[in-house]
Amino acid sequence: TQLLEQSPQFLSIQEGENLTVYCNSSSVFSSLQWYRQEPGEGPVLLVTVVTGGEVKKLKRLTFQFGDARKDSSLHITAAQPGDTGLYLCAVPTGNQFYFGTGTSLTVIP
Amino acid sequence: NAGVTQTPKFRILKIGQSMTLQCTQDMNHNYMYWYRQDPGMGLKLIYYSVGAGITDKGEVPNGYNVSRSTTEDFPLRLELAAPSQTSVYFCASSYSRPGTVHQPQHFGDGTRLSIL
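Protein chains in written order, with my numbering: chain A, 629 to 737; chain B, 11 to 126.
Looking at chain A on its own, in the form it has when it is part of the complex:
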């Protein structure tokens, strides 16, 4: 059983469409991070959410932390080919970070 479940696993959409990906758990976390990983590179942090119900925006990306701090969503408006990549959520557990399995997004021009 995965600590973090991400859905969908794969997503292929046309440029200009909107999409939402999810990171779910049955556990409560003090914070949650979203990373994007482009092919051939390491993950890069996009955002950290801390407070239940918190919404953060990064240009066309909107991140929300669930009220109970068990889940999070990432919404992309008007997706562009540059958004293509693997989106990973991660949570701190003791001295470690635990990562979800990721959502692989392809935006077709």
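By construction, these hints were calculated from the structure, which means they are not laboratory data. Be careful, since some hints might not be right.
[What the hints assert, rightly or not] Pairs of lysine-lysine residues, derived as DSS-like cross-links and limited to a Cα-Cα distance of at most 30 angstroms, are as follows: (1) A:K698 <-> B:K24; (2) B:K24 <-> B:K67; (3) B:K19 <-> B:K54; (4) B:K54 <-> A:K685; (5) A:K698 <-> B:K67; (6) B:K54 <-> B:K24; (7) B:K54 <-> A:K684; (8) B:K67 <-> B:K54; (9) A:K698 <-> A:K687; (10) A:K684 <-> A:K698; (11) A:K698 <-> A:K685; (12) B:K67 <-> B:K19.
[Claimed, not checked] One-sided and incomplete, this derived list gives chain B residues near chain A with beta-carbon spacing under 10 angstroms: (13) Y45; (14) Q47; (15) G52; (16) K54; (17) L55; (18) V60; (19) G68; (20) E69; (21) F100; (22) A102; (23) R107; (24) Q113; (25) H116; (26) G120; (27) R122.
Glycine included, every Cβ here is placed at the ideal spot set by N, Cα and C.
Place chain B on chain A using the hints.
Okay, now just chain B, sitting in the frame of chain A:
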């Protein structure tokens, strides 16, 4: 700005060979991590270190060893390579303990390792 540097970028090993994956960071970070990434499996933690001289096992440590003699360097050793160790390996670092001050992990670009 170098950040986290991993070498080599690619390597092919024969079953039973050994090798060391190098990782160095120039940000004076205390925490360092080794992950492996398999298709569809996300990142699995192999080993981590909270400072020079201190290491601990992660989720998938079998078949690997690490050392942390300096703050900057955190090499990962494969003693007897097996096909199951074919993967992409990422080294990462962070300034403080996860969750304390919401510091990000900084990742290297990975080492792609094939065991044949």
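How the hints compare with the structure:
1. A:K698 <-> B:K24: At roughly 43 angstroms apart (the allowed maximum being 30 angstroms), K24 (chain B) and K698 (chain A) break the hint.
2. B:K24 <-> B:K67: holds, 25 angstroms
3. B:K19 <-> B:K54: Status holds; Cα separation ~19 angstroms.
4. B:K54 <-> A:K685: The given pair, whose Cα atoms are some 28 angstroms apart, holds under the 30 angstroms limit.
5. A:K698 <-> B:K67: Roughly 26 angstroms between the alpha carbons, so the hint for K698 (chain A) and K67 (chain B) holds.
6. B:K54 <-> B:K24: holds, 23 angstroms
7. B:K54 <-> A:K684: holds, 27 angstroms
8. B:K67 <-> B:K54: holds, 11 angstroms
9. A:K698 <-> A:K687: The given pair, whose Cα atoms are some 25 angstroms apart, holds under the 30 angstroms limit.
10. A:K684 <-> A:K698: holds, 17 angstroms
11. A:K698 <-> A:K685: This hinted pair holds, its Cα atoms lying about 19 angstroms apart.
12. B:K67 <-> B:K19: holds, 24 angstroms
13. Y45: Result: holds, 8 angstroms to nearest chain A Cβ.
14. Q47: holds, 9 angstroms
15. G52: G52 (chain B) check passes; min Cβ-Cβ to chain A is 4 angstroms, inside 10 angstroms.
16. K54: holds, 8 angstroms
17. L55: holds, 6 angstroms
18. V60: holds, 6 angstroms
19. G68: Result: holds, 6 angstroms to nearest chain A Cβ.
20. E69: At about 8 angstroms, which falls below the 10 angstroms cut-off, the nearest Cβ of chain A leaves the hint on E69 (chain B) intact, so it holds.
21. F100: holds, 5 angstroms
22. A102: holds, 7 angstroms
23. R107: Holds: closest Cβ of chain A sits about 6 angstroms from R107 (chain B), inside 10 angstroms.
24. Q113: holds, 9 angstroms
25. H116: holds, 8 angstroms
26. G120: holds, 6 angstroms
27. R122: OK, holds: R122 (chain B) within 10 angstroms of chain A, min 9 angstroms.
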